[in-house]
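Chemist: Sequence:
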Amino acid sequence: MTNSPARALPPFDHVKADVILRSSDGVDFRVFRLFLSLASPSFETLFDLPQPSEKDMGIKDGFPVIPVSEGSKTLDSLLRFCYPCTLAEEPVIEDFREVTNVLDAAKKIFS
3 MTNSPARALP
13 PFDHVKADVI
23 LRSSDGVDFR
33 VFRLFLSLAS
43 PSFETLFDLP
53 QPSEKDMGIK
63 DGFPVIPVSE
73 GSKTLDSLLR
83 FCYPCTLAEE
93 PVIEDFREVT
103 NVLDAAKKIF
113 S
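FYI, the numbering for the sequence shown is 3 to 113, going by this note's numbering.
Don't read these hints as lab results, they were simulated from the structure. Even glycine gets a Cβ: it sits at the ideal position worked out from N, Cα and C. A few of these clues could be false.
[Said to hold, decoys possible] Below, a list of computed lysine-lysine pairs in the DSBU-like style, where the Cα atoms sit at most 30 Å apart: (1) 109 <-> 18; (2) 109 <-> 75; (3) 109 <-> 62; (4) 62 <-> 110; (5) 18 <-> 62; (6) 18 <-> 110; (7) 110 <-> 75; (8) 75 <-> 18; (9) 75 <-> 62.
[To be verified] Using C-beta positions, here's what the derived DEER-type ranges look like: (10) 63 <-> 101: 21 to 27 Å; (11) 61 <-> 95: 28 to 34 Å; (12) 17 <-> 98: 20 to 26 Å.
Make a model of the complete structure from these sequences and hints.
Modeler: Now the structure itself:
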């Protein structure tokens with residue numbers, strides 16, 4: 003039995019998304035490059051870099067899979083800040099440790 007990555011909750015499970023961010027705990031976030039590129043120059047740079055060939059890069063359902071070091075809860079919260087408010091509800095952050103995790107991730111992405 004293999005451990006397939008879990009699928010993120012809406013809005014990060016859209017079938018028309020064009021890239022998959024895989025959290026460190028194995029959750030796939032199907033996201034739109036445009037939204038993330040507009041939110042952060044770091045994402046724009048990441049997507050503009052030459053990509054490895056399909057055989058060297060993880061591909062799932064025809065989309066590139068980009069592994070990230072953040073866990074799914076942190077990544078979900080961070081992405082909710084990047085997505086237009088009409089598509090994503092505000093993140094629910096319930097404890098101080100999660101606040102610091104999201105802030106650390108934001109510093110990496112937005113600096």
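Chemist: So which of those numbered hints doesn't the model satisfy?
Modeler: 10 and 12
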